[in-house]
Amino acid sequence: MTALVEVKGLDKAFGGVHAVEGVSFAVEAGQVYSVIGPNGAGKTTLFNLITGLYIPTKGEILLNGESTARLEPNQLAERGMCRTFQQMQICMNMTAIENVMLGRHLQLKSNLFTTLFRLPALRRDEESAYKRAAELMEYVGCGEYVGAEASAMSYGALKRLEIARALAADPKVILLDEPAAGLNATETAALEDLIRKIADQGVTVMLVEHDMKLVMGISDRLLVLNYGRVLAEGTPEEIRQNPDVIAAYLGG
Amino acid sequence: MLNRFMQSRLRGLMILALILIILPAFLGNPFHYELVTQMAIIAATVVGLNLLVGFAGQISLGHAGFFGLGAYFSGIATGTYGWPSVPALLVGAILVALIAWIVGRPILRLKGHYLSMATLAVGFIIAIILNNERALTGGPDGMPVPAFEVFGWELSAFGRYSLFGLEIEGFQAWYIFASVVLLVAVWFALNLIESPIGRALRSVHGSEVAASVVGVNTAKYKSLVFVISAIYASLMGGLYAHFQGFITPAVASFEFSILFITMVVLGGMGSTFGVILGAVVLKLLPQVLADFQELETVMFGLILMLTMIFMPKGLLPTLTAIVSKRMRKKAGGEA
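If you read the protein sequences in the order shown, they are chains Y and E. Per my numbering, the very first residue in the first sequence carries number 1; after that it's consecutive. Per my numbering, the very first residue in the second sequence carries number 1; after that it's consecutive.
In isolation and in its complexed conformation, chain Y is listed as follows (with noise of 0.2 Å):
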């Protein structure tokens, strides 16, 4: 069985630093595959890579069996990759459910034509995106944002409005880049169960994370990385035992 994403020997140098260096690893569908590290080693910019916003020095990533190279962001959304970020990117000159809607993008039909005469197979099309990020937006938690603007949102309901944008793509596998920062012991709580109904669905979830609690309790896999280079991959219960792992976090 082929992965679903797949790196081999992913290099990334900014001028002399080496932020991330001979990466290899694969994720298969349907897991939940978690990339931890302390700050600095690298996650974000692993991310970046894989989700075409970067172009690495070196090395390739492969999804469904195809390479990646020279593939542009929305390209690779077409293929189903879609993700959240760290510093999140909301479009804060529209409505909240515009924002979801936007990940509705490449399942709508409409063409200039269609759009400038406002013709009635344009505004089925609208009707079924609005209804379907209503829903989405209800599933990650924050239904009641429906009709507000998106700079109404605080900050955790941004987060999950982000995720549900990414869920409207209907994504094969989705990047979370630290969708726990900044959310308290409860909504992070909730966050740990939004992310188990989306893997429960199927979709493949590849995650950045500090919260080790909620690393540890839903992640299949886990990829440790220190200094851009791989420390160590394997289950939860082989990354808590590994010597290495425990020396570069505890200190040992």
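By construction, these hints were calculated from the structure, which means they are not laboratory data. Be aware that one or more of the hints could be misleading.
What the hints assert, rightly or not - When the alpha-carbon atoms are kept at most 30 Å apart in a straight line, the in silico DSBU-like pairs for lysine-lysine are as follows:
#1 K109/Y / K58/Y
#2 K220/E / K131/Y
#3 K213/Y / K172/Y
#4 K172/Y / K220/E
#5 K58/Y / K111/E
#6 K220/E / K58/Y
#7 K330/E / K313/E
#8 K109/Y / K330/E
Guided by the hints, dock chain E onto chain Y, whose structure is given.
Quick look at chain E alone, frame taken from chain Y:
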């Protein structure tokens, strides 16, 4: 919710139509009609520019270049080569769209000041060509443009027409024509904005990276809106040429580009009806301040600055916010 949204969308258009219908009651002489017709044509141009600037967040300081190209193409095709007006307008718009697409691809990769500079340069190049190709354009002295005609039926500001049995003057006929054009331009713009395409455009402004990771081809949409706004400018330039009956390279000048941008910023970036108000205010201002004509450019600069500082959202959105706040306060006080 969605229904209410769509109703409010068309409400604005209906109010605009109502204003355009009532307005002639306050217009006394041909000069008034001329001014208002110019306003309508310029407003439609700015509605198009607002799609680029207000919604997609891309600056163009060279839009008068596209306006001027449209004006001159119509002028030359109908005047020198005897084409009918409508094909001239359309072919001109297609040509301008092509030019916008070709120059747009590379320059829309630029951001902020660099994009402004590049569009500025495009506008300058067009103005220089219009100034220097004397054989074709008449150079700085300008050129006459024949009256607008459809199927041999001429629309001249000096003609006399009967509309459903009502005798009207040529300038009144032009006013009606320009009003319909403006309404259609606004309708198209509103339809575009409230659509997946419009959402993609606004997301380019809101967060380009967010747009790209959900599958929006941001480069394509930036080009698309640049081309659409250039088509608006070209068509309106062509109409303007026919209406004025005489054009000079000033229609493609830097000052004109700045005027367009000032209308967008003053009226309210991203507010279709706001930018129409911006166009009206800035067309009226020189009439009110006729004694300070040489200070016009200074005025526009000052308006641009003051708007940016004191009401960055623009005139109409700011006013609407004040009114709705007052109304809410009133309602709150009574409750």
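Outcome of the hint check:
1. A hinted pair counts as satisfied when its Cα atoms are at most 30 Å apart, and K109/Y with K58/Y does not qualify at roughly 37 Å.
2. With a C-alpha separation of about 27 Å, the suggested pairing of K220/E with K131/Y holds against the 30 Å cut-off.
3. Proximity of K213/Y to K172/Y is assessed by CA-CA distance (about 25 Å); at most 30 Å being required, the pair is judged to hold.
4. A distance of roughly 25 Å separates the Cα atoms of K172/Y and K220/E; the hinted pair therefore holds under the 30 Å criterion.
5. Distance check on the hinted pair: K58/Y and K111/E sit about 28 Å apart at the alpha-carbon level, within 30 Å; holds.
6. Distance hint between K220/E and K58/Y is fulfilled; the C-alpha atoms sit about 28 Å from each other, no more than 30 Å.
7. With a CA separation close to 24 Å, the supplied pair K330/E and K313/E stays within the 30 Å bound.
8. For a cut-off of 30 Å, the pair hint linking K109/Y to K330/E is broken: about 45 Å separates their Cα positions.
Going through the hint list in order, the structure does not satisfy hints 1 and 8.
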